[in-house]
Amino acid sequence: MAPPSARRSGFSKKAQFSVFTGYLLAGIGALMGLGLLLLSLRQPDAFAPLRGVASDAVAPAGQATAAARNGQQSLLSGIAGYFRAGSQNAALREEMELARIRLAETDAIRAENLRLKALLGLNDKDIKPVVVARLVGSTATSGRRFAYLGAGRLSGVDAGMPVVSDRGVIGRVLETGRNSARVLLLTDSESVLPVRRAKGDVVAFAEGRGDGVLRVRLVNLGINPLKPGDLMVTSGAGGYYRPGVAVAIITKITPDGGIGRLVAEPSATGFVAVEPIYQPEAVAALAGSRTPLDAGPEATAPAKTPATTPTPPPAPSPSPEPASTPAPAPAPSGGRE
Amino acid sequence: MMERLNPNARSDPYGSRINRTQSPLRAGSVPWLSIMLGSLLPVLLIADVMPLMPQLGLLMLLAWRMVRPGLLPLWAGAPLGAFDDLFSGQPFGSAVLLWSLALIAIELIETRFPWRGFWQDWFTAGLAALLVWLAAIMLSGATVTPDLLVVALPQALLTVLLYPILARMVASLDQFRLARARRIG
Chain A
1 MAPPSARRSG
11 FSKKAQFSVF
21 TGYLLAGIGA
31 LMGLGLLLLS
41 LRQPDAFAPL
51 RGVASDAVAP
61 AGQATAAARN
71 GQQSLLSGIA
81 GYFRAGSQNA
91 ALREEMELAR
101 IRLAETDAIR
111 AENLRLKALL
121 GLNDKDIKPV
131 VVARLVGSTA
141 TSGRRFAYLG
151 AGRLSGVDAG
161 MPVVSDRGVI
171 GRVLETGRNS
181 ARVLLLTDSE
191 SVLPVRRAKG
201 DVVAFAEGRG
211 DGVLRVRLVN
221 LGINPLKPGD
231 LMVTSGAGGY
241 YRPGVAVAII
251 TKITPDGGIG
261 RLVAEPSATG
271 FVAVEPIYQP
281 EAVAALAGSR
291 TPLDAGPEAT
301 APAKTPATTP
311 TPPPAPSPSP
321 EPASTPAPAP
331 APSGGRE
Chain B
1 MMERLNPNAR
11 SDPYGSRINR
21 TQSPLRAGSV
31 PWLSIMLGSL
41 LPVLLIADVM
51 PLMPQLGLLM
61 LLAWRMVRPG
71 LLPLWAGAPL
81 GAFDDLFSGQ
91 PFGSAVLLWS
101 LALIAIELIE
111 TRFPWRGFWQ
121 DWFTAGLAAL
131 LVWLAAIMLS
141 GATVTPDLLV
151 VALPQALLTV
161 LLYPILARMV
171 ASLDQFRLAR
181 ARRIG
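Chains as they are written, first to last, in the numbering used here: chain A, 1 to 337; chain B, 1 to 185.
Bound conformation, chain B alone (with noise of 0.2 Å):
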């Protein structure tokens, strides 16, 4: 018997190749969690002072649409906003609004400006995610004093500064989502 040296040989990044394949349940499903646990992670922290967190479940959502753009639907601003306005304390109907329009217009973008690279995504990101950010605290039915919008600009940096740690993070979570899991035959 003879023995394989290299136990991955016949193996690519999303597993054996041979006698398996892809869960579909898996390969739907991740995006949509992962964004929606997004939503949810902000909650448990308590902030009494300011908004502290950046809107992490939007910035999933642009994270998934730049690293896998056609993956989610045109649509799917609309059901994951209105996940999201259940949790952020925003009136429901605000990340409905403004994540749609935020993903219609990144599309819209990307048809004139087809040729993309990781710098050039970062920048429509934090930019769409800059825009919902200031346009959240407009429609979030507080009274917008100079002072909040000061208090609240730690959460914009921290916007920008987080996409490309969650940009990894998504890839890699692509990778679990395509790995073979399901064996066949």
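The following block holds chain A by itself, in its conformation from the complex (with noise of 0.2 Å):
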């Protein structure tokens, strides 16, 4: 079909014109788009505000899809609960017994840290999670890997925080706006994480590789202890998050580390945990490191960062409590399946 033809210009004068306006607007359009995209690629957080608004009136959608899927996931899970139901009682009975006894062991060890920490003199503080929500929504199109939560400054969250299922970690806070935020998720390209091994004292970074698995790269390299199955948990370094946490489980051992695979995958969450800042203090100070370089009136940020925190990535604190954290929620076994 040819184009109809008042969509030609011909002779006239006005619809020459007309097309030239069309032209030049596009023209215009395309390099306001790209003075825009050349800003936000320098400045990423530049048009934060409007993105929060924006997602806050998708989250209300987001909200309803989150519950559905959920309820659907139930479903298939129930449904597929029915073939094997037989072997899988048999086998989950084994298991039981044997956690009944690890439960008690664990008891005991409970106890016998009390009673170090208290010798000690160190008391944790139960962590409260400053909001529970669902995921509604992610950047499904983009080559980012963003989720939106379902709640946002006026639930007291704030950009920074960890984000953390019943499982284990899911992302950080990236933007906030009133009703929702937007969570930089751990498979993304641009996410690194401090981990250590839940056993023993291997410190790492846990880099997304932007294709759902995790790059874990050790800070000391040399022999390479890792092995596949292994758990690798957040350290703590760096402030965010509380040391302990599951993050991934190594399935394939490289060069400088090992491939993972995520612990708490977001799609299969229902409900995650915002929880604050593990210590505001370091990452206010680590933020603030930088500029007292050029600037010189915060002269008193910088003589605080070797005194009150566990300074940045291969930090001595994971290695002296490796079961101490008080962390209920991530069972480092359930990660197994």
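Keep in mind the hints are simulated off the structure, nothing from the lab. Hints are not guaranteed to be accurate.
Stated by the list, open to error - Restraint ranges, calculated between C-beta atoms of paired labels, are given here:
id : chain 1 : residue 1 : chain 2 : residue 2 : range
1  : B       : 112       : A       : 18        : 15 to 21 Å
2  : B       : 13        : A       : 64        : 30 to 36 Å
3  : A       : 132       : B       : 79        : 35 to 41 Å
4  : B       : 15        : A       : 43        : 47 to 53 Å
5  : A       : 41        : B       : 145       : 15 to 21 Å
6  : B       : 119       : A       : 31        : 32 to 38 Å
Glycine included, each C-beta is placed from N, C-alpha and C at the ideal position.
Reassemble the complex: the two chains are provided individually, in unrelated frames, and hints are given to aid placement.
In structure tokens:
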């Protein structure tokens, strides 16, 4: 089909001008786009307020689909449960007996732990989540892996707060709107998380690779101590995440670490908890330590750094207290299935 | 009183021809709203591993452009792209730029090769969508690794395969847009 003749400008000056104006406006639009793109690549949070308003508007619809998604998942897993019910029952019974024994042992260890901590004069605060909310959406068309959370500034959510599910770490809050927040998922290629092995003191970084797995890179290179099946947990370095929350299970070994599979998959979680930043003063000091180099006025900020904080990545803090975390939630054995 | 045998005898696909006219509001807003809805829908899906959905907003825009050339102004890519950028997770401005460029390119091609059919439409829209897909990944702010490109391939495939369906949808939306809804006199 040829384009309608009304779209050919012919000899009409008016029509020719309107075609020209169309091209002109479109060209200006493209140039504006280029300018905005350069600006937002340089300052990623330049348009955060605008995006916050937009995601606030979509969050209610996301709540509905999130509820539907959870219902559907439980229905499917319910149906799947009928197959293999008998053999699974036997296996589960055996596993539960073992778990009871382990639980008793854990009780003993916990008691001992409490006693030792009392001796040392340490007291761990229970971390209360800021808010418990649903993941209401994600950026499914983009190469970036962001999720939208159904709670925002009004509920006390703030940028930098860790987001965890009952299985493990989901990600970190990046921007907040009034009733929604944008979460940087662990799988995003710009996400880096300091981790350590659940057993022992192997310290590493878990980086998103952009394709759904995490790349675990050891801090101390040498003989690679990782083995497939190792559970990596947060080390608490950097101050954002509390130590001891499950992150990934190593599935493959690479020369500089391994490839890890997520323990907590955002698409399979119902509710997630937003926790306060583990050590806000450490985060503030680390963020502030860049500025005093060129700007003098805050001379107190860098002075605090060595005194109060477990310093960045290769932190010594994880090693002395591998089992001391109060964390009730992330059962490391649950991640194996 | 004589009964009319076929109640639709005096109507065409757009409704009764007597005493009715189109609603100007509907005729003007349906293309824009449907494209914006296309930008919104993928947000509701939780994609934690890879980009799952094709850029529905872009595909709707291209389908409207192909099915009804001249209906959307040439500069429509900028405002619609800005709306898409609010939700897509791309840095703000990437869709403004890419969608504008896509529309300009299609317009230029069309003035050179005016005769078109469905297959040629599909080819043009598919090629434009693929180029925008690649450019969007490059501009997304993520570190572009081979792994990232590999997991995004299904998205590219879906983008191309979805066009005919969306073109049909746009055609029926166009009928809805032009249906005679308002009674005159």
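Here's how the hints hold up against the structure:
1. 112/B to 18/A: 15 to 21 Å: Holds - the Cβ-Cβ distance for residue 112/B and residue 18/A, about 20 Å, lies within 15 to 21 Å.
2. 13/B to 64/A: 30 to 36 Å: About 35 Å separates the Cβ atoms of residue 13/B and residue 64/A, which means 30 to 36 Å holds.
3. 132/A to 79/B: 35 to 41 Å: holds (37 Å)
4. 15/B to 43/A: 47 to 53 Å: Between residue 15/B and residue 43/A, where Cβ atoms are some 52 Å apart, the hint holds.
5. 41/A to 145/B: 15 to 21 Å: holds (18 Å)
6. 119/B to 31/A: 32 to 38 Å: The hinted range 32 to 38 Å holds for residue 119/B and residue 31/A, with Cβ atoms some 34 Å apart.
This entry satisfies every hint, going by the numbered hints stated previously.
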